[in-house]
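Asks: All chains should be modelled from the sequences, with the hints used to inform the complete structure.
Chain by chain, the residues:
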Amino acid sequence: MMEYPRTKPGTQPEYLHELYRASVRRAPRQPLITLPHTICELSGPVYGHNPIGETDNDLTRHFAEAPQGERIIVAGRVLDEDGRGVPNALVEIWQANAAGRYRHSRDEHPAPLDPNFLGCGRAITDDAGNYRFVSIKPGAYPWHNHHNAWRPAHIHFSLFGPAFVTRLVTQMYFSGDPLMPFDPLLNGVPDPEARERLVSKFDLSLTQPDWALGYCFDIVLRGRRSTPFEENSK
Amino acid sequence: MRLIPTASQTVGPFFNFGLTADQSLGILARDGTPGEPIRLEFRVVDGDGMPTPGDSMIELWQADATGRYPSSGLFFGFGRLETNKEGICVFETIKPGAVAGAAPHINVVVFARGLLKHLFTRVYFAGEPANVRDPVLALVPEARRGTLLAHPVAGQPNAWRIEICLQGDGETVFFDL
Chain A
4 MMEYPRTKPG TQPEYLHELY RASVRRAPRQ PLITLPHTIC ELSGPVYGHN PIGETDNDLT
64 RHFAEAPQGE RIIVAGRVLD EDGRGVPNAL VEIWQANAAG RYRHSRDEHP APLDPNFLGC
124 GRAITDDAGN YRFVSIKPGA YPWHNHHNAW RPAHIHFSLF GPAFVTRLVT QMYFSGDPLM
184 PFDPLLNGVP DPEARERLVS KFDLSLTQPD WALGYCFDIV LRGRRSTPFE ENSK
Chain B
9 MRLIPTASQT VGPFFNFGLT ADQSLGILAR DGTPGEPIRL EFRVVDGDGM PTPGDSMIEL
69 WQADATGRYP SSGLFFGFGR LETNKEGICV FETIKPGAVA GAAPHINVVV FARGLLKHLF
129 TRVYFAGEPA NVRDPVLALV PEARRGTLLA HPVAGQPNAW RIEICLQGDG ETVFFDL
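These protein sequence lines are chains A and B, in that order.
Each residue of the first sequence is one higher than the one before, counting from 4 in the working numbering.
Each residue of the second sequence is one higher than the one before, counting from 9 in the working numbering.
Please keep in mind that the hints were generated in silico from the structure rather than gathered at the bench.
Keep in mind that this is a model prediction, so the values were computed, not measured.
The beta-carbon is built from N, C-alpha and C at its ideal position, and this holds for glycine as well.
Result set (EDC-like, lysine to aspartate or glutamate): computed pairs, CA atoms no more than 20 Å apart in a straight line:
#1 B:K93 / B:E171
#2 A:K140 / A:E68
#3 B:K93 / A:D110
#4 A:K140 / A:D221
#5 B:K93 / A:E111
#6 B:K103 / A:E44
#7 A:K11 / B:D184
#8 A:K204 / A:D180
#9 A:K140 / A:E73
#10 B:K93 / B:D56
#11 A:K204 / A:E73
#12 A:K11 / A:E196
Reference excerpt, derived from the structure (chain B facing chain A, CB under 7 Å, subset only):
#13 P13
#14 G55
#15 G122
#16 F182
What the simulated footprint calls covered on chain B by chain A, stretch by stretch (three residues with Cβ under 8 Å from a Cβ of chain A suffice, anywhere in the stretch; the number is not a length):
#17 19-25
#18 79-91
#19 111-121
#20 142-155
#21 171-181
Replies: Spelled out as structure tokens, the structure:
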């Protein structure tokens, strides 16, 4: 049985973050009501109904031709709070193309769509919690949050762990991106260490010669193994 | 070693092609699923009462008609839809059975542009006698309990409707899990 401690203050963003304009009229203002964890929170969905396809984790192989841009490998482990791999977790990603444009009807950024890039993928972690995607490096793009606002390059991640309470949607950034200090979303996370964990690291061991740069991004879901029951000595 | 869980970030406005392109995730009950089929409509509004047009997403996790959380079989108990331009999405499911001391309810996660982390809430069914003994409803101040109740839609048998109000008058009760 896993334990799900509450998250530590500062390590998760607050709902109201005034620098993120859209939060102002959407963040709840009433305090949340704390629930004890019952079977409703400790159980979670299983995904037999929607099997993962062979190329679902390779965003460069969704069309006959390769997409434009810098090919990358993004890989890592999904871990619990004790550092143990979380097996069989569904990882879904979506992102802009190399020019910073999403394949979405309301994305108005005047950058080209890439006919060979859909920009979404899925994977299931293996027994040790490993996942791996092949994609292209997403471009930065402007948004209307404030004057001259640009999102740093990022990939959206959605994860289901073993329970309803482990649900996570987040974004992965790239180390050294000069836009990160100006981004109200990343900086909506108060704790600097927690922000740093959202930044993937270039990894030479994941990099494939003559093929693609590798970035490592480990993700920690809520939960830890319960302390082993210690029998009283006689 | 103790690791800090990864921080949440908003789902943003452009998740559709990644998460909700598959409309079949709105149909939890397939032919042959035991239980009372229902149609459950959500409408999501912001602090100005304006619907969240296509940039919010609802996920459901619920027990089957006997009150068990499914791990396999015909009924998966999981649903996911984006709201349309009126802020509305409609699931086809079955009415859940009572789970271990709780009144019949559906666990709900709300994601939206503007929410740096998702919100947890629940849907209960208005008029259900077990509501008065539900331990979670008992934690909610009486004046706000109504925000967790779906109501029957007049003239549409087996159809229920609930509004998720993110902020302001009638703000939905959200939970810290």
